[in-house]
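Enquirer: As given, the protein sequences belong to chains G and V, one line each in that order. The numbering of the first sequence is our numbering, which starts it at 25 and goes up by one. The numbering of the second sequence is our numbering, which starts it at -9 and goes up by one.
The set of hints was computed from the structure by calculation and includes no laboratory data. Please note that the accuracy of each hint is not assured.
As the list claims (entries may be wrong) - Cross-link-like lysine to aspartate or glutamate pairs, in silico, EDC-like; alpha carbons within 16 Å at most:
1) V:119 / V:83
2) V:100 / V:83
3) V:216 / V:284
4) V:121 / G:152
5) V:167 / V:190
6) G:426 / V:42
7) V:265 / V:237
8) G:425 / V:207
9) G:373 / G:191
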Amino acid sequence: MVQIALKDLKLFFANKRATLLTFAVPMVLITLFAFAFGGVGRKKGETMPTRLIVADVDNTGESKDVIAQLDSLKEFEVILKNIDEAENLVKKGDEAAVLIFHKGFSDSLNVGNNPPIEFKYDAAKEAEVGILRGALTGNLMGMIGGKSMSKTIVNKFDAENQNLDAETRDKIHAQILNNFSPEETKKQSRSILKVTPLVAEEENSPGLVHAVAGTAIMMLLFSVSGMGASLLDEKQEGTLKKLLYSPLAPNSILYGKILSTNLISISQLAVMFIFANLVFGLDIYSHLFSLLLMIAATAFACSSFGVLLASFSKTRQQVQGLSTMIILVMSCIGGSMIPTFAMPSFMQKISAFSVNYWGIQGFYDIFWRMLPLTDPTFLSRILVLVLIGIVLNFIALQMFKKNILKIA
Amino acid sequence: MISVTNLRKNYDNVQALKGISFDIKKGEFYGLLGPNGAGKTTTISIMSTILEPDAGNVSIAGFDLKKNPTECKKAIGVVPQEIALYNELSAYDNLMFWGSLYDVRKGELKSGIDETLKRFGLYERRNDKVKTYSGGMKRRINIAAALLHKPSILFMDEPTVGIDPQSRNLIFEVVEKLHQQGMTIVYTTHYMEEAEKFCDRIAILDNGQIIVQGTLDELKSSSKMKETIVVSFVNLSDDLFQKISREWEGLIRVENSVHFYTSNVKSDLSKIILKCSDTGLGISHIDILKINLETIFLNLTGKQLRD
């Protein structure tokens, strides 16, 4: 028994790929998840600042003062943008919300009117928006609410007591400003921040869209790596050599493989969305053309990834080892496992290096953000996916010529 | 039909082909014989366009291989040594696929497949998946796949390796018929009896060179020896073999036996027995073989064909 166990251990550790998959891949994933969820990389007790996009249209001393106060808080990482740029970022899904200090903010504050501050948000990112709103409401109230409220009371007092002498008036004003109750301030807090959805909330549950898009793309990547590996099976079984005997151009063999992988990928994604429609009621018919276009682009990029993997490898076993590692990492950073908005900002930045990210964002555009087919943001996702596909296919073709066509 | 001139191919530091040349006439059955590593598969791979030579020229059916590979490919059918089929597809679907790679009209291809399947005795099982076939049946389909576009030249690389007698006989029948119909066939094999039975001309390759080529009769008559005396010993050692080699030229040792090539058995046999006795070698058995391809091959290369 011991001899068998020892022999198996020896065999296991002799297989570098198996060892890598057993130990290295889980470690990589644990690291990625730890960064995404566990607050790794921060000091004990330190909270992760939330990105707050601010557009200062008012551009006065008062607005700048409030923005500086917000920036000094550990909860926020304030990023100043002009209003068009800020709104565009939210529409594109790059940011969850924008806080706008409209023209007249300073004047309103000085006369005691409600200051025009607006919080425009992407309803699809409910978790992130909720965190931002919660933190903003309390803090803004402390910064603006007291001043605004006391001004309102002073103005009202002055209007009703116009015959008072200046000395008495000043004393009463000071009393109002000093004794202004925070509770009273909080009562008015909701009216300070005007809240407007910039990207409307839709019937399709964000969770459902994420589950379908994220999972479908991750599983598609696994399928296409298997399909790509059939190229190596052909080499191993001698059918590739036999194909080369025929008048078929050698590159056509790869193109044929890409085509079949694409068709199967399109079917797989389409079936996943039909399944989500039939079982979970995901509305796919209102966005049919956008959906078909995004499915085709995602399938193209994913298929190219599968073929590329095969063209780099020598055996099916190598493809399996490589694909498991790369797909799990891409799915983790690209948002298949965890929505990207729940990740720290540095991970959100690197997520763009995965096929998953562009596919998932494209499906968010369709089902959450309701972007039309002609919207530049939506089209840019399609373009990126197609470009990924073209580049990967080009590299795959070169590697195919170098590695796979080397028959002798 | 095929012209090969000064063909050279190196793999890293190994010279696989050292400038071989040969011509094959239309309708000829040409055998390429040689031990493993002699250069047969490299030659076939170059002629079938999947390997580029380092030097030399090849012309197939009047087309230069370098300038017009596609036309060359259309003219040839290749039966590879390995069984290269899709196991999950039926025999019919396999043939349909392989045939469709050539410019054959669908109707013509379908009738060609039916005819070929009947010829190879597999028509009844045409819709069964290839994975359910025996090794011999798969080999028959492997050959059938190379014939669907009616090539004028057929390259067959060890087509009868590891098969049952029934399949072997069927393949022989088909090959013979194709030859009778005028197809040019280039055949590599380890089986000397196959080469003797079918080949109009034979080339023997060793270490990337053609040692000799010609008809079987030409090979026999060009050989100085007429017979082989095969003497088996009970105590053959390297030292004793060295001793006897000094006394007799061109000896070849095969395990415990020594091959003595002779043109006069009567006088040489007694000399051999005496020499062996003097050297201290104990004889266990003596065979006298008539000259054949096997003995010519062994004499020329010093190796058995299966080495």
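Enquirer: Hints first: check each against the structure and report whether it holds.
Expert: Here is how each hint holds up against the structure:
1. V:119 / V:83: 9 Å, holds
2. V:100 / V:83: Between residue 100 of chain V and residue 83 of chain V the Cα gap is close to 10 Å, so the pair holds against 16 Å.
3. V:216 / V:284: 13 Å, holds
4. V:121 / G:152: Roughly 56 Å separates the two Cα atoms, so the pair is violated.
5. V:167 / V:190: 15 Å, holds
6. G:426 / V:42: 14 Å, holds
7. V:265 / V:237: Holds, at roughly 8 Å.
8. G:425 / V:207: 46 Å, violated
9. G:373 / G:191: 60 Å, violated
Checked against the numbered hints listed earlier, the structure breaks hints 4, 8 and 9; every other hint is satisfied.
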